[in-house]
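Going down the list, the sequences are from chains A and B.
At the far end of the first sequence sits residue 354, using our numbering, and the numbering has no gaps.
At the far end of the second sequence sits residue 708, using our numbering, and the numbering has no gaps.
Derived from the structure by calculation, the hints contain no laboratory data.
Note that this is a predicted model, so its numbers are computed, not measured.
Cβ atoms here follow ideal geometry from the backbone N, Cα and C, with glycine treated the same way.
Just so you know, not all the hints are guaranteed correct.
[Unchecked claim] Okay, the calculated bits of chain B under chain A, using three or more residues with CB under 8 Å as the criterion:
# : stretch
1 : 513-525
2 : 599-611
[To be verified] Here are the simulated SDA-like cross-link-like pairs (lysine to any residue), alpha carbons at most 20 Å apart as the crow flies:
#  : chain 1 : residue 1 : chain 2 : residue 2
3  : A       : Lys166    : A       : Asp183
4  : A       : Lys169    : B       : Asp516
5  : A       : Lys250    : A       : Pro97
6  : A       : Lys169    : B       : Glu656
7  : B       : Lys604    : A       : Tyr164
8  : A       : Lys169    : B       : Arg455
9  : A       : Lys98     : B       : Glu690
10 : A       : Lys280    : B       : Lys634
11 : B       : Lys359    : B       : Arg381
12 : B       : Lys520    : A       : Ser330
13 : A       : Lys280    : B       : Ala571
14 : A       : Lys250    : B       : Thr517
2 protein chains.
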Amino acid sequence: MTTLKNDTFLRALMRQPTEYTPTWLMRQAGRYLPEYCATRARAGSFLDLCKSPSLATEVTLQPLARYGLDAAILFSDILTVPDAMGLGLYFAEGEGPKFERPLRDEWEIRDLAAPDPHDKLRYVIDAVSEIRKALDGSVPLIGFSGSPFTLSCYMIEGQGSDTYAKVKKLMYARPDLMHHILDVTTTAVIDYLNAQIEAGAQAVMVFDSWGGMLSQAAYLEFSLPYMARIMAGLTREREGRVVPRIVFTKGGGLWLDQIANCGADAVGLDWAIDIGEARKLAGDRVALQGNMDPFILLTTPEAVSAEARRVLASYGKGSGHVFNLGHGISQFTPPENVAALVETVKAESPQYHR
Amino acid sequence: MTTLKNDTFLRALMRQPTEYTPTWLMRQAGRYLPEYCATRARAGSFLDLCKSPSLATEVTLQPLARYGLDAAILFSDILTVPDAMGLGLYFAEGEGPKFERPLRDEWEIRDLAAPDPHDKLRYVIDAVSEIRKALDGSVPLIGFSGSPFTLSCYMIEGQGSDTYAKVKKLMYARPDLMHHILDVTTTAVIDYLNAQIEAGAQAVMVFDSWGGMLSQAAYLEFSLPYMARIMAGLTREREGRVVPRIVFTKGGGLWLDQIANCGADAVGLDWAIDIGEARKLAGDRVALQGNMDPFILLTTPEAVSAEARRVLASYGKGSGHVFNLGHGISQFTPPENVAALVETVKAESPQYHR
Numbered sequence: 001m002t003t004l005k006n007d008t009f010l011r012a013l014m015r016q017p018t019e020y021t022p023t024w025l026m027r028q029a030g031r032y033l034p035e036y037c038a039t040r041a042r043a044g045s046f047l048d049l050c051k052s053p054s055l056a057t058e059v060t061l062q063p064l065a066r067y068g069l070d071a072a073i074l075f076s077d078i079l080t081v082p083d084a085m086g087l088g089l090y091f092a093e094g095e096g097p098k099f100e101r102p103l104r105d106e107w108e109i110r111d112l113a114a115p116d117p118h119d120k121l122r123y124v125i126d127a128v129s130e131i132r133k134a135l136d137g138s139v140p141l142i143g144f145s146g147s148p149f150t151l152s153c154y155m156i157e158g159q160g161s162d163t164y165a166k167v168k169k170l171m172y173a174r175p176d177l178m179h180h181i182l183d184v185t186t187t188a189v190i191d192y193l194n195a196q197i198e199a200g201a202q203a204v205m206v207f208d209s210w211g212g213m214l215s216q217a218a219y220l221e222f223s224l225p226y227m228a229r230i231m232a233g234l235t236r237e238r239e240g241r242v243v244p245r246i247v248f249t250k251g252g253g254l255w256l257d258q259i260a261n262c263g264a265d266a267v268g269l270d271w272a273i274d275i276g277e278a279r280k281l282a283g284d285r286v287a288l289q290g291n292m293d294p295f296i297l298l299t300t301p302e303a304v305s306a307e308a309r310r311v312l313a314s315y316g317k318g319s320g321h322v323f324n325l326g327h328g329i330s331q332f333t334p335p336e337n338v339a340a341l342v343e344t345v346k347a348e349s350p351q352y353h354r
Numbered sequence: 355m356t357t358l359k360n361d362t363f364l365r366a367l368m369r370q371p372t373e374y375t376p377t378w379l380m381r382q383a384g385r386y387l388p389e390y391c392a393t394r395a396r397a398g399s400f401l402d403l404c405k406s407p408s409l410a411t412e413v414t415l416q417p418l419a420r421y422g423l424d425a426a427i428l429f430s431d432i433l434t435v436p437d438a439m440g441l442g443l444y445f446a447e448g449e450g451p452k453f454e455r456p457l458r459d460e461w462e463i464r465d466l467a468a469p470d471p472h473d474k475l476r477y478v479i480d481a482v483s484e485i486r487k488a489l490d491g492s493v494p495l496i497g498f499s500g501s502p503f504t505l506s507c508y509m510i511e512g513q514g515s516d517t518y519a520k521v522k523k524l525m526y527a528r529p530d531l532m533h534h535i536l537d538v539t540t541t542a543v544i545d546y547l548n549a550q551i552e553a554g555a556q557a558v559m560v561f562d563s564w565g566g567m568l569s570q571a572a573y574l575e576f577s578l579p580y581m582a583r584i585m586a587g588l589t590r591e592r593e594g595r596v597v598p599r600i601v602f603t604k605g606g607g608l609w610l611d612q613i614a615n616c617g618a619d620a621v622g623l624d625w626a627i628d629i630g631e632a633r634k635l636a637g638d639r640v641a642l643q644g645n646m647d648p649f650i651l652l653t654t655p656e657a658v659s660a661e662a663r664r665v666l667a668s669y670g671k672g673s674g675h676v677f678n679l680g681h682g683i684s685q686f687t688p689p690e691n692v693a694a695l696v697e698t699v700k701a702e703s704p705q706y707h708r
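With the hints as constraints, model all of the structure from the sequences given.
Laid out in structure tokens, this is it:
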């Protein structure tokens, strides 16, 4: 394997000293980039793009060509795992992801099985290998998966929801069935992420996009323990180096103290929590990744720079901060505002690392 | 004025001793009740129902006839104030509320003026008087308004939004204009709530339904200070009794410490925060209202009772808890599950007040 030229991101995740605060952006390869839209148009659908390792490689690299980012993230979707379980993922134009066969009956739940990632998810593993080769040691590659709770939400609802009423109904009325779905999904995610690590992912992230809609009691029963099981089940070292793990529960700021004990090296933060207060709470247990409001990117380069400086100052001196947004970048973001963000962090962060 | 027969709710809001934990439910007069649907069908639209004092009185009283609730809440909508400002509130069937003339240009923002509540909002004030008479001293009546930030969101977006991108763009790029909208709206809310108090509201609540989508820094700049100004501007006593104030920021659990200092007597909690931990944090500053996940009401009477007991136990011994949901009741709630909830709190809560 090629030597990694820029390992700032990996060091920050392990709270080791760095010269500046590394940056990457959730959904950095996305619709705000015209070159992404061009590749996507060639691919056909979003899912066709995900399922083509060469096109997924192409779009993964696009934001790195424009901006001085410190990590690449595999271009894929969080719902690949339930798709490989046979639920039939599709994207209706202008709507979010949907499943053709959501879980409706108890027998369907009992029949669930963790897919072999080298079989039905081969296209993801191939993309990881191909991206890793294409990166040629420039920056590390992040692999990822949805969290068991978030995947289960989609598997039960069949699509996104404002209320997740079906999930909550099942969870409160039949916790045994909910735990069964979570159990199978956890095994699937462990296998999936380990296959990504084996294929070359140098860090992994678990996206718990919907955990934040739970009560604390329900979060501590239905979401966090399964992420902890994933942390315990992941390959720890590869190519002579630790593979850091990041967990991110959107809306989970209230539970940071508990999340910081789940076995992750770093915790992603949305924008609701002040990152300086989060750091005080997390102490030296984990690095923090985040947490600028992505909608600031809809304004002006000046407003973006001011807010980036505020986030850096709030985190303060020392290592353990990976700059990111608190959620995925909006498709309406002017690309020049992303340049202002990345340049501000590069220029302003070294003072916090001296 | 008639003597109030059951003032348990008002005492709990002031953290005075009570014999049991009082209960009311956000959106307790709503579509889950067949009698509400019948009245609504007679009224025509939802807005016709809001604008008819006699029909608003009828639906306000319906849940009290069914359940042993300890408070009534004015039947109205949070968006009456911007409607009275001339923005043209309407409800498209099957969609949320919308405005015909959302704020688009700077001159429209500069032209905003606080409406006289006795003129364009007369129908609300008349409803308060009529409900108060109809209640005949049985339980107290809660008046309410949207928070300045939440009202401003709707005024700028023109309708609900997943991202509130328009609001955030304005707020970050033109904070001066955002503050102007908030300033006028705050004056309007103070006048509106004071008119409700004068007409007979015995407690008031400010609903900050959208403040939770802000960063902490933005919340402390654009939402909380305006609620604090409202608290300072409200009539404190009426009919020889304090009129308690409740503020509720959905998704605001992270900022409870700051919210508890805004001048409110009680803070509403959504279900994300554990109410026992919230109590520790708030100390003796405020009473707490909440916080059961409303989707538990979609399950069974047994599951509902178990969760109600969990919330009561988490709050623990002593006064200062008003039992409620963490958000409005779902229209798909079986009415018998609400009965199970109310009966459980009545039966199980006295042990915490001995």
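Hints, verified against the model:
{"no.": "1", "hint": "513-525", "result": "holds (count 5)"}
{"no.": "2", "hint": "599-611", "result": "holds (count 3)"}
{"no.": "3", "hint": "Lys166/A / Asp183/A", "result": "holds, 19 Å"}
{"no.": "4", "hint": "Lys169/A / Asp516/B", "result": "violated, 23 Å"}
{"no.": "5", "hint": "Lys250/A / Pro97/A", "result": "holds, 18 Å"}
{"no.": "6", "hint": "Lys169/A / Glu656/B", "result": "holds, 13 Å"}
{"no.": "7", "hint": "Lys604/B / Tyr164/A", "result": "holds, 17 Å"}
{"no.": "8", "hint": "Lys169/A / Arg455/B", "result": "violated, 39 Å"}
{"no.": "9", "hint": "Lys98/A / Glu690/B", "result": "violated, 33 Å"}
{"no.": "10", "hint": "Lys280/A / Lys634/B", "result": "holds, 19 Å"}
{"no.": "11", "hint": "Lys359/B / Arg381/B", "result": "violated, 23 Å"}
{"no.": "12", "hint": "Lys520/B / Ser330/A", "result": "holds, 12 Å"}
{"no.": "13", "hint": "Lys280/A / Ala571/B", "result": "holds, 17 Å"}
{"no.": "14", "hint": "Lys250/A / Thr517/B", "result": "holds, 14 Å"}
The structure fails hints 4, 8, 9 and 11 (numbered hints given earlier, in ascending order).
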